[in-house]
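Participant: Protein chains in written order, with my numbering: chain R, 980 to 1187; chain S, 980 to 1187.
Simulated from the structure, these hints should not be mistaken for lab results. Where hints are given, some of them may not hold.
Given that identical chains are not distinguished, each listed pair holds provided it fits within a single copy or across any two copies.
[As the list claims (entries may be wrong)] Listed next, the in silico BS3-like pairs over lysine-lysine satisfying Cα-Cα at most 25 Å (straight line):
hint, residue 1, residue 2
1, Lys1059, Lys1177
2, Lys1048, Lys1020
3, Lys1177, Lys1120
4, Lys1026, Lys1059
5, Lys1059, Lys1020
6, Lys1020, Lys1148
7, Lys1084, Lys1036
8, Lys1120, Lys1084
9, Lys1026, Lys1183
10, Lys1048, Lys1006
11, Lys1120, Lys1183
12, Lys1183, Lys1097
13, Lys1020, Lys1185
14, Lys1020, Lys1177
15, Lys1120, Lys1059
16, Lys1084, Lys1185
17, Lys1148, Lys1183
18, Lys1084, Lys1026
There are 2 protein chains.
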Amino acid sequence: MKIAEPTVERLVQYHRLLEQLVAEGQKVVSSQEMGEMLSFKASQVRKDLSYFGEIGKRGVGYHVDRLHKHISRILASPRKWSIGLVGVGKLGEALLGYQAFQNDKFHIRALFDVDTDKIGTEIQGILCYSVDDITEIVREKEIEVLILTVPGGAAQHVADRAVQAGTVKGILNFAPVSLSVPENVLLAAVDISVELEKLLFFLKHKEE
Amino acid sequence: MKIAEPTVERLVQYHRLLEQLVAEGQKVVSSQEMGEMLSFKASQVRKDLSYFGEIGKRGVGYHVDRLHKHISRILASPRKWSIGLVGVGKLGEALLGYQAFQNDKFHIRALFDVDTDKIGTEIQGILCYSVDDITEIVREKEIEVLILTVPGGAAQHVADRAVQAGTVKGILNFAPVSLSVPENVLLAAVDISVELEKLLFFLKHKEE
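Input sequences plus hints: build the corresponding full structure.
Facilitator: Below, the structure is given as structure tokens:
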């Protein structure tokens, strides 16, 4: 089963929404409702969910609980992923504080920074190491996923040194630069300012 | 000219990359190189750029400078957008500090928070108001774009009150909840944890 990235993105969003609905005690939901809340077409919602084996009842919709459990299983991790976060600035700290990052799918096992005030201390319960030791620590702790919240200029160097450890399988890059990594390392990028630029572009087009 | 969202996303990424190449003094770039650096197919790069009127020279590629200027014009704003940032926590402060947010396309004109220690003070040079006054301040400052970096539970209420001002045209939502806004307000969402979930999903699939 090869799944396209936009489909996975929608799947994660359905899951998020269903969590919300479960918490609010809603029992059934239609593809229309889900589509409206997520700005997708109802037909897209039905297509996606039927692809994953869930068919709603005509005029009723989907069982919120059942659909939530079903999608949870699809998204479930086989084990906890070991994660390292590099760059404990404001964004890094914001991520550490995120509720969504307190998750049973992964475990942030090490922090890395260049700031000597931070190195050797625990930040939100996790020990911070020097970036100089990243290759060794990543190997020792078998870190599989890196979250990079370092300045653009430092990102490639840090990624190279961490990848040298041989344990890194994926990188989530928040630095506003394009990284090059070996083919066997999955790369995902979140460029926050790109989203703002996109929004402004569409606003301009709407006005024209 | 109706442009799909993924195309705009790629356009912003070409622009980012070209800025980098201009800074590094590179004169020409091929669609292959651009594709490799951004993880797109070379054919996708050629298709996108030719759609916007740029054809590379066979065996040579594109003029970096010229292509950069061309895409800059497409992405240019007709004027500076007035922006309000709601929620000056760690993520909000991280955004304020981002270099990419020091941009000539927009001007962050007001901050909003619930913290009485922040209200009435300037943070990175911008005055912070009480969220209670958001409707009035947004109207007074003619704020067109809101950046929401508030907790999930507060996001809808804050969005509703800001939209009441009648000046808001777009919202960039970082809160991990789905918002509903009037049809004439463009909504873009950045759910940081969604990106991590997607990466973990693909890692799992690679292993299976």
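Participant: Given a CA cutoff of 25 Å, do lysine 1084 and lysine 1185 count as a within-copy pair, a between-copy pair, both, or neither?
Facilitator: between (41 Å within a copy, 16 Å between copies)
Participant: Is the C-alpha distance from lysine 1148 to lysine 1183 at most 25 Å within one copy, between copies, in both cases, or in neither?
Facilitator: between (39 Å within a copy, 10 Å between copies)
Participant: At most 25 Å between alpha carbons: which applies to lysine 1183 and lysine 1097, within, between, both or neither?
Facilitator: neither (43 Å within a copy, 33 Å between copies)
Participant: How would you label the pair lysine 1020, lysine 1185 (within, between, both, or neither) given a Cα cut-off of 25 Å?
Facilitator: within (20 Å within a copy, 30 Å between copies)
Participant: Pop the pair lysine 1026 and lysine 1059 into one bin, within, between, both or neither, using alpha-carbon distances up to 25 Å.
Facilitator: For lysine 1026 and lysine 1059, neither the intra-copy (31 Å) nor the inter-copy (41 Å) Cα distance is at most 25 Å.
Participant: As a check of your reading, is lysine 1059 near lysine 1020 (CA-CA no more than 25 Å) within one copy, between copies, both or neither?
Facilitator: This pair counts as neither: shortest intra-copy Cα distance 34 Å, inter-copy 33 Å.
Participant: Please sort lysine 1120 with lysine 1059 into within, between, both or neither, judging by C-alpha distance up to 25 Å.
Facilitator: within (13 Å within a copy, 47 Å between copies)
Participant: When Cα atoms must be at most 25 Å apart, do lysine 1048 and lysine 1020 count as within-copy, between-copy, both, or neither?
Facilitator: within (23 Å within a copy, 36 Å between copies)
Participant: One pair to classify: lysine 1177 and lysine 1120, alpha carbons no more than 25 Å apart. Within, between, both, or neither?
Facilitator: Only across copies: lysine 1177 and lysine 1120 sit 23 Å apart there, 38 Å inside one copy, limit 25 Å.
Participant: If the cut is 25 Å between Cα atoms, do lysine 1120 and lysine 1183 qualify within a copy, between copies, both or neither?
Facilitator: between (48 Å within a copy, 19 Å between copies)
Participant: At most 25 Å between alpha carbons: which applies to lysine 1059 and lysine 1177, within, between, both or neither?
Facilitator: between (34 Å within a copy, 15 Å between copies)
Participant: At 25 Å max between alpha carbons, let me know whether lysine 1026 reaches lysine 1183 within a copy, between copies, both or neither.
Facilitator: Classified as between: cross-chain Cα gap 23 Å, same-chain 32 Å, threshold 25 Å.
Violation of the numbered hints given earlier is confined to hints 4, 5, 7, 12, 18; the remaining hints are satisfied by the structure.
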